[in-house]
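Peer 1: Protein chains in written order, with the working numbering: chain W, 1 to 139; chain G, 1 to 534; chain U, 1 to 118; chain Y, 1 to 798; chain A, 1 to 158; chain F, 1 to 114; chain Z, 1 to 125.
Accuracy of the hints is not assured; some may be wrong.
[Unchecked claim] With a cut-off of at most 20 Å between alpha-carbon atoms, the simulated EDC-like pairs for lysine to aspartate or glutamate come out as follows:
no.: 1; chain 1: F; residue 1: K102; chain 2: U; residue 2: E109
no.: 2; chain 1: F; residue 1: K31; chain 2: U; residue 2: E109
no.: 3; chain 1: F; residue 1: K102; chain 2: A; residue 2: E85
no.: 4; chain 1: F; residue 1: K31; chain 2: A; residue 2: D134
These aren't lab readings, by the way, just hints derived from the structure by calculation.
Every value quoted in this text rests on a predicted model; they were computed, and no experiment measured them.
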Amino acid sequence: MRTVIFRTIAPYLAALMVLFSIFVLLRGHNEPGGGFIGGLIAASALAIFGIACGVASVRRAIVFHPMSISGFGLFIGALAGVLSFFKNQAFMTSQWLIFDLFDVEIALSTPLVFDIGVYLVVVGAIGSIALALEEREAD
Amino acid sequence: MAGSSVSVDYAEAMITTPIAAGDWLIVAPSLITMVGGALCLMLRKNTDLQPKLGVFLLGLLVLASLGLLIRVLDQGVITMVMGNWLPPFGIAVTADPLGATLTFIGSVVAFCAGVFAMQTVSSSGRRYGFYPFLLLLMTGVCGSFLTADVFNLYVWFEVLLISSYGLLILGNERIQLDGAVKYGVLNLVGTNLFLIATGLLYGIFGTLNMADIAVKVDALDNPASGALATVAALYFLAFAMKAAAFPVNFWLPASYHTPNIVVSAVFAGLLTKVGVYALIRIFVLILPASLEYMADVIGIVAIATLITGALGALAQSEIRRLLGYLVIAGIGSMLAGLAIASSGTQATLAISGAIFYAVHSIIVMTALYMAAGIMGMMGSSFNLRELGGLYHKSVAFAGVFLVLAFAVSGLPPFSGFWPKVMLVDAAFQGGRFWLGAAILVSGFLTTLAMGRVWIYAFWRGGPEGTADGQSVDVTGAAEGQLSSGALWLPLGVLTALVIYFGLQPEWMIELATQGASSVVDPFGYIRSVLGEQG
Amino acid sequence: MTPFELFASQFLDIAVNISLGILTISFIVIVFRTVKGPGLPDRVVALDMLVAVGIGFIAAIGVSTGIYLYIDIAITLGLVGFLATVAFARFILNRGTAGDETIMDEVEESIKRREAGQ
Amino acid sequence: MTPAVIDDTTLYAVLAPFAAAVVAPFLTRWLKHNAAWPLALVPALIFLHFVGFIGPVSQGETFVAAKAWAPSYGVNFSVYVDGLSTLFGLLISGIGTFIILYAGGYLKGHPQQGRFFSFLFLFMGAMLGLVLGNNLISLFIFWELTSITSFLLIGFDHLRAASRRAAIQALVVTGGGGLVLLAGFIVIISATGEIEMSVLLASPDIIKDSGLYLPIFLLVLGGAFTKSAQFPFHFWLPNAMEAPTPVSAYLHSATMVKAGVYLLMRMHPLLGDTVLWTTVLPLFGGVTLLVGTILAVRQTDLKLMLAYTTVASLGLLVMLTGTSYEKALEGAVLYLLAHSLFKGALFMVAGTIDHEAGTRDVTKLGGLRSLMPITFAAACLASLSMAGLPPFIGFIAKEILYYGTSDISALGQLGIMVTIVAVVGNALMLVIAAAVAIKPFLGPEVETPKHAHEGPVLLIAGPVFLSVTGVIMALFAHTTGVWFIGPTLSSLLGEFTQIDLHLIPTKINAPVILSFITVGLGIALFTQLDRMRSMIASALDAIGWGPDKGFDQAVSGIVSLATAVTRVLQTGKMQTYMLLTFVFTALAVLLPGYLSGSFPALPKLPEYRFYEWGILLIAVLGLIAVLIAKTRLTAIVSLGVQGFAVALIFMMFGAPDLSFTQFMVETLSVVILALVMTRLNLSPRDHRSLASSVVTGVVAVAVGLGLMLTLLAITQQPFDSRLSEFFTEFSRSIAHGRNIVNVILVDFRGFDTLGEIAVVVLAGLCVLALIRIKTRPSDEALAKSTAGQAEKQTVEAR
Amino acid sequence: MTSLFLTNILMALAWGAVTGSFSEINLAFGFVLGSGALYLIREQVGTSAYFRRIGKAVGLAATFVYELVLSAWRVAMIVLRPKIELQPGIIALPLTVDTDFEITMLANLITLTPGTLSVDVSEDRKTLFIHCIDVPDPQATIDDIKNGFERKIMEAFR
Amino acid sequence: MSAVVEIICGLMLITGACFAFVASLGLMRLKDVYMRTHAASKAGTLGSGLMLLALAVEAGDLSVVTRAIAGVVFFLLTAPISAHLLAKAAYAAGYRPCADTKIDALAETVRPKD
Amino acid sequence: METGVAILIGLFFTVAVYLMLSKHLVRILLGIAILGNSVNMLIFTNGRLTREIPPLIPSHLYTPETATANPLPQALVLTAIVISFSFFAFLLVLAFRAYQELGTDEVNKMRVAEPENDPTPPQGY
Ligand code: NA
Ligand code: NA
């Protein structure tokens, strides 16, 4: 959409949305949210960015093909559950690494990795759909 | 309980005994295909590497599923609960002889398809995901065969369904799009019915674990009535759609002939059988009372499927469509097994017949579609009017086709014969003579249909109108591909299996019997999943 | 609890209910516009409003249940609502300039209305 | 008498031809047609193996050998050696030896000779497996295998439509009959619990007592009659003459077609000697005999004449077997042996004539005796045997069978009928025998397409040997009786029987008179051969229909029926598919609940708050809006309305995550809808006829109602919330998460989510493939020709 | 300006470290304290413009909100009238501001103000087309905007 | 303290709801899409923003307040953009303003198809 | 609590099925979208309904203070929503492509895979 007003503001909006999406992703374990919703928000951001500034600039911005990102998400999502193999536990048994950093409890865990996988899958797949459609629309 | 820490007895929530590394074989099929599919997807632009990686991964899958099968035969039913949560709270994945057998056979077929596709799938097909689709299809298939959780079964159904969509439209030809619309919408309705039934089942029992449900159903006074009866009917309808049983099989003849032939081959081999598997799993293991209640309906459906499927095959002039109907007719046999299994002592025989038939059908239908693909390459057509002279073209191939044709018709000494005998035997023992007769009549019609294909495409000297006694030299458009071993190796392997299971059925009968016993008498299954509480 | 606190809490309850009521009515009014149109842009504006009212709904329910985290849902709804509006605008622009049949019909209607002095 | 268990040699004897089948093509590539010599050693050795059984078997001994095949299903690869199977084994391997040699000469230089040998060996093995088979299932496997190999051999000359037709005909008739037989066997197995023939034979009344005699009888008969070409299934056999002559000689006269007779004889102790048996078998056998001989007279083709007499002979055998009378059965056994010898020889003679003279049309042949003296001699011997003249085995056979049938004291009315039929049939067979053996050789020399020579040794060895055997066996009638006929008869009767056989009748009695009548009638008829031929021809033309034509009509009828049925079921119209699907859905949700009376009375409406009612109302409004939307855009936006309402409902019942997701997904759905539906037309009206509206409406309401009632019924029951309690309890303490739903998603039931993200990935990939892969140009061109409006729009957009 | 902002954030983090708590409130508190501290040394760091700008921007935001409230109120009044009689129109506003950012800000502000809505910017970016819900006197509206928002924007961002 | 907050919150809720209502009423009563856009983008945004802030005020948690403010800022940023995009698109597509619209400066530069 | 929603769900199913029985692909798609919502609500309701108390654990506790809404059906529905959304997206694009290539949105007129004038199978040998 060739309008200066939208084009100018869209990147900021998109950045804001991506930020928000990561926030939603990270706190999903404790509050409403999580990888899927976060991913949808991020994909929406990509869509807005794409509509405003063209698909090419989005593709440049995210470096990898969205489907590769999606594939990577699935990859780490599936592998996150394999860690438990080395502890003689069943597939997808969660592994937690909880420590304090400056008095803030940091919890790294396989469910988190898994949720990040979900996030990437959604961003990639839905983003890919949105971009592909947008590209077609722009034909 | 406030505070930063709380003391928890982990044993109340989790399995605390260490899991043997070998038990990981249960998830290995899903894991290999999923991680591999993801990997292929990440490398999607490297269209040269894709086939090699894909075939390697599928080979790995075959090994893993073989390992699993051996372990199951060795140790009995084995279970792994995802996340180590106690069953029925965590999702249990359980390999019993039934699931493990089908997983193994399915993997073999997928491997063969992967090899075949090296030759038939174009680089654009690879780029847009043939191997990821195939691998993830196998995730869905293996997941369905091995899961012990109804909702999880739904999820894997969806995985294999969406993969099949992808494979179906790969190429974007008009006919594919048409086929995909019907396939897509009708199958979606099917899975939604499945989901509805699962939702209702959860509403009734508050649990999703199959073994847990089986225990609860068993405890009911009247397990074939009330809302549970509706649930059973919905499950039957949903899986009958998946299995392409009459009269909800429209989607199959409308779509199976449209994609790349290797895709049809995989579909024909695997997809409908997952539906049959689910019917067996749900009805024999979980809802035996409903099975008894619905046996007549299932029997009628089976007969109609057997006959209409075979008649459909006779009505075709396009070999791929003809084969589609044969897939349907085969489903009728398996459903007959289910109907026969509803009561009496022959349940194990009937179900083992159905399992053996499923195995046979997986192999033979895949092989037949591959053969059809080669016929198309040789004769530049899939139409019986335009084909001819293939016998002269390659006697070896003609032989392979003939073996497959006899096998699919259930003639000895090939793989289709034994399950047919077992099913007819069980039908007669159970007093369901019509079912036995229908199986035989369907086999007869199939023989006729395949005989027609043979005389037109192979024995006739050329296309329709070729002078009597004359032979026309046919040169297919895709002739160049025919020298590729990627076409012949998988076809050869599958045909060899067809012959092997025909000549040496003992192993398969034994396997099928064990598989049948594990659902007919679910004690071992339930104990494996729920432990001592079961 | 002091009487004032009691009053405040009762007031809040009532306020929540009143606002939910108002929002419900608004919602229905908007649905009416959505159906009536007459043009696609009218419907999109209605959808945009629907999102706004939805946000209000969430906020009010959040207050009434004391689950403040609903705020994130509200924000997210705002985000995707914006996306929807943008996409529809894009759609109207593209199809309109491409001479899409349905849109052209609506445009003609708008011209007729204008000529009819409405 | 319990069979003795022997070693596995006999099993290997059955398997040996299969091994030869594998070797044959290679050997033929190497030795050309001379491969016949080493290959013929295989059946010769098998023959010798069976010769070894003659002695003990004639003492009434029987043997079994078995190897486990599919033990968990009770199937063994097992053989049962008694008189009957020994006789058949000897015939199969003995005639087989000469057939292999004959094929070596007959197909000399043929590019596919090796394959031909293979097929012959496959058949030989199958046939041996059949006649020796003890296990019903393995017997059946070999039974079907003979059909399959016969199919391949009949269609050997596959470029000709007639061959193809004959092959498929044989496959359909014998293969189909095989399925009936299979049913019969399985009924036997399930009725008796026994699967081994030897065990069944040990208690002969087991089937008659089972209560399932009638179905078993009919089913076994179905198999036997089709295989042995009994009327009305006789038509496939003459058509099978499309096969090369060695095949006709071997399969379609000497061995395979006798499989049906073999089966009847084998099961005679089990099924025979009942009213049903002695009525049905003689009836069909007699009709077949007459039909076969009459039709044989009609023919001018040597092979066809012989083929129809084969039909007739099979009819005779069935008729005799059907009497269940010892003497008649003895005649049957004798005739079976005689027929195999003379018919095999005659076919080979016919083939040799065809091979050397270039035609088999009896009207175009004559005076070959000086050119082909040895062949002529063999022909004479064989046809005299066929004619039933002394001193040939055929003569003894006829004597004994007349002896049996004319025993009115034993058979009564049946005997008279059978005898008359037998006399007429035999007379006509004499006519054919004369026609085949005399006409081509005697008279003046006729110009033939090829200049005739005596055939090579490979071609004449067979006919000479077989026809001479016919004489020798007759000359040593007593030995023949002791070695072959007695033991075989024992098998038929189910008890050890010894017989005393003579070439020359000891006194002038009824059989001798009947023989004279037969010969006289035959000679009389032979003089009228040409007249008879034209009479029968015109009679058949007048009828204008026969089972052969009927076969074509049946096949095309089945295909047409199939086409019609399939068109009705598979309309190609998706709307029909959907309608039926939902009709069944409606049945599934309504019927069980209705039948079990589990639908609840409508419970009282709950006390929702007014805004909650408002949300429900909005959902309803949204639905209605979608339903009545006249343009796609209204519909899309209305869809958003109902979606939002659903999200609010989730929120109303404490599901923030769901609501969250629903809002997002619903909006994105609407967005994608809008983007995609750009060019999709939503017609202003739904275009449903009133009837269609009513039907679809009723179906829709039924589905909705059924699910609603089911849901109400379920939710009124108490709920087991064990799972959720577990999740709630351990969500934070073990899984470290306060959002229980999210913990379920990523931990407790993370495996579901893993599948779910696979779905998402795949959906993305699918859409990409849909959008990106370019349609092939050829298809695009096609699309342009049919797609009017859409094409215009596509072009515009590009 | 950016570096100062970063400095401020660093100071907030330092505050968190010193007080031993990284809770959101504490960090925000640290940020406020930090900016106060920076204000103290504004001449030394030589960027009093930073604070002036912040002031202006906050002012602009306040205007934003204020105009929005006003505008909403106007709309409410219009809508609630028993009989709506308006003279809507689309007017052309010649632009002085020329950067993308400024045009965008201006257009958005205009939209949020009573009765006006930016419809389009001309291709040469010299004219802004504005839809007014009630425009008896177009020129007055144009003057209002040029003297109001446009000036404020130029003050805040130049 | 909390009582005051509750009252403020309640007032904000009602006010916000009222604005939303007014906006929907505007949607109903105003004549063309351009005028309706005014109502939605102003009264609607204000309404939803107020209610969002009401929730934040009631929550009293700084992080919630921060997010609420961020959300409101987002609305403030997006509302004019959506209004602008919609109006522009509608105009470009050719939707005519209602008959009362006397001045149409755009019509001189962009002449939509007739 | 469930009655009202159950009735609504029945209505949802009715509308979904009615739309899916249209011959226009677009309406079928709308039906599919509504069907997805119906099924999701059905599952949700099957887990029984509780008003407004989400299954979240307050940060100072280890289990919720009061009984909450049933979390499991929520998780199931979440999975189902995502899946049905994926399918919906696919089918939409598929419908669009089919319309583009086949030139019709009437499903009964989509007869490429099963042509109307399908020749009868060959007869003879
Ligand atoms: Na979540
Ligand atoms: Na907005």
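Peer 1: To test your reading of the hints: which numbers does this structure violate?
Peer 2: none
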